[in-house]
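*Asks:* Below are the chains, spelled out letter by letter.
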Amino acid sequence: MPTTEDLKSRIQDALPGAQVAVEDLTGGGDHFRAEVVSERFAGLSRIEQHRLIYDVFGAEIGGPIHALSIKTATREVRDDQR
Amino acid sequence: MTNDEIRGFIENSIGENNVMLFMKGTPNQPACGFSARTAGALNALGVQYAALDILPDPRIRQELSEVSGWPTIPQLFVKGELVGGSDIVMEMFESGELAELLGVEQDEAPAEIEEPPTARRPIGLENNLE
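For the record, the sequence lines run as chains A and B.
Going by my numbering, the first residue of the first sequence is number 2, and it counts up by one from there.
Going by my numbering, the first residue of the second sequence is number 962, and it counts up by one from there.
Bound-form chain B, shown alone (with noise of 0.2 Å):
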């Protein structure tokens, strides 16, 4: 796969999920504590969404970054759009925003997201590397 197939292939991605989380690992099995706990705010919602493990492969974290222009993982994007990283996507978990972009009710008390994360739509970009 060519950087520019890469390239092509996030960005379909965040076009056509409306909820899309670049993360380290899978919201099964997440590599890495940040990574884990925005895709476990988004469980702790219920929300779908698709998540794309960028480890396979350095130059999707490349591509990704030049494409979005924020440097670090995880990336959350809801319609298109990048929310932030798992530092703004906890804060707004904590205060309800998070709940109020994705349209969905939140309890008083946010939910404790420490229980592993289960997976919604895991994307195989790594199947397409070749």
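Just chain A, with the same shape it has in the complex (with noise of 0.2 Å):
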């Protein structure tokens, strides 16, 4: 069963300097949210971005993930917000 650690793990060894916050939505270890800021998003579309995600766990989503709900955001972005 996939753990936040080991999801916020594998998103950051695919985007080097990502800050990446994982939640587990359930607590049952398949349904888990991440929060991604990475320069890597800068000019990408926001489908680029989900999928630069969702191409890290490949086959497992909709398996042992069967669910990841995605935010992604430049680091500009989200201080803009602030």
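It should be emphasised that the hints constitute simulated quantities derived from the structure, not laboratory data.
Just so it is clear, the structure is predicted and the values come from calculations on it, not from any experiment.
Misleading hints may appear alongside valid ones.
Unchecked claim - Simulated restraints, written as ranges between beta carbons of each label pair:
#1 Pro1017(B) / Asp25(A): 26 to 34 Å
#2 Gln13(A) / Gly1064(B): 35 to 43 Å
#3 Pro1019(B) / Asp56(A): 20 to 28 Å
Glycine included, each C-beta is placed from N, C-alpha and C at the ideal position.
Hints are included, so try docking the two chains, each in its own frame, into the full complex.
*Replies:* Below, the structure is given as structure tokens:
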């Protein structure tokens, strides 16, 4: 069963320097929410940003990871919203 | 129905419906919170859309994800292009971008979308799966 720490470290490995927060939405180890802030998202559409995250987990999405809710931002966007 | 026929049905649905939602359950009876919120956003904007329940046969989801390259449900297509899943659709709903994309007016404050959504045009693929 994947843990929030597993998901977090795998996203950070794929997107070096990213700030990643992962939450287990139900406590059941299969519904997660990931908030990722990375410079890699600059200039990408939302679809492309989310695909970068989904690609980390491939076929595990819909399998062991039943649901992964994603929020992505570049640092600039997040700072603007503060 | 063969896998190719299911894929063809999915591709036609995307091509023929300006606003096409693939979801779990139906707009009247969504079977998942993510699908419910996404259908609810479309309902709140008052747009007409087609909806397809992916649950009746697991091959629908497999073929859809192969067509779209997107792993999760729901999936919203507008004018043949994938807009996103529920996270993206809800962000765009709250920012007003979804209304803009769909060419409709949105009130300043996004309407509450907790009320049961109403069906627009459900598609009955499940009736063609034999």
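*Asks:* Next step is simple, just say for each hint if it's right about the structure.
*Replies:* The hints, checked one at a time:
no. : hint                              : result
1   : Pro1017(B) / Asp25(A): 26 to 34 Å : 30 Å, holds
2   : Gln13(A) / Gly1064(B): 35 to 43 Å : 40 Å, holds
3   : Pro1019(B) / Asp56(A): 20 to 28 Å : 22 Å, holds
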